[in-house]
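*Asks:* Line order of the protein sequences matches chains A and B. With our numbering, the residue at position 23 of the first sequence is 23, and numbering never jumps. With our numbering, the residue at position 59 of the second sequence is 59, and numbering never jumps.
To be clear, the hints were calculated from the coordinates, so they are not data collected in a lab. Do not take every clue at face value.
According to the in silico footprint, chain B covers these stretches of chain A (three or more CB under 8 Å from chain B) [said to hold, decoys possible]:
#1 20-29
#2 40-51
#3 86-96
Every residue gets a Cβ at the ideal spot worked out from N, C-alpha and C, and that includes glycine.
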Amino acid sequence: GAVVSQHPSRVICKSGTSVKIECRSLDFQATTMFWYRQFPKQSLMLMATSNEGSKATYEQGVEKDKFLINHASLTLSTLTVTSAHPEDSSFYICSARGTGNEQFFGPGTRLTVL
Amino acid sequence: DAKTTQPPSMDCAEGRAANLPCNHSTISGNEYVYWYRQIHSQGPQYIIHGLKNNETNEMASLIITEDRKSSTLILPHATLRDTAVYYCIVSPLTGTASKLTFGTGTRLQVTL
């Protein structure tokens, strides 16, 4: 299957700082990218959908000013967690969908906010 | 509201077939059935998807009932590396509603 990468794989930051997570589709062009969050022992929760060149669509209850999403190219989307707090500590996973309509997931980024 | 219902957990002996059921009684005509799995602390891995015909690939087989209200994922010869949480998801193939919403899945434990 197609390859999606995330960077960093793990990040620890202080409360109040902002953290940027990158999601790249390595061998295909992703017209749509998705961001998920997963807390321990829970399922993945969709946060937002982003299409290249347009504003992201956020799921209900997800603060768009706190979780900034940029999808500037067909191979890169970024999620910035602004003013992070301990309750934002989670496993963040992106996925990418190309013209084939299959959705491929990245390996995830584990964020710990101290 | 969950659109699919799966048993929370299942066990399977290594080498035997693992049959994972999924109920999706409210599936719409344009919705596909997707299966993904997630091994601990990794991103989900695509397994297979189908609309109404049975599907098979190198990983698994997908059997969809004629009324499309349920399906079964079959791993023909389970190995220890198949231990994971398996998610059954229904979603349109295209359009703004085409997004994967994960339920609680089935935790498959493959044992020696």
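*Asks:* Could you run down the list of hints and mark each one as holding or not?
*Replies:* Taking the hints in turn, this is what the structure says about them:
1. 20-29: violated (count 0)
2. 40-51: holds (count 5)
3. 86-96: Contact hint for the segment 86-96 of chain A vs chain B: holds, 3 residues under 8 Å.
Going through the hint list in order, the structure does not satisfy hint 1, though it satisfies all others.
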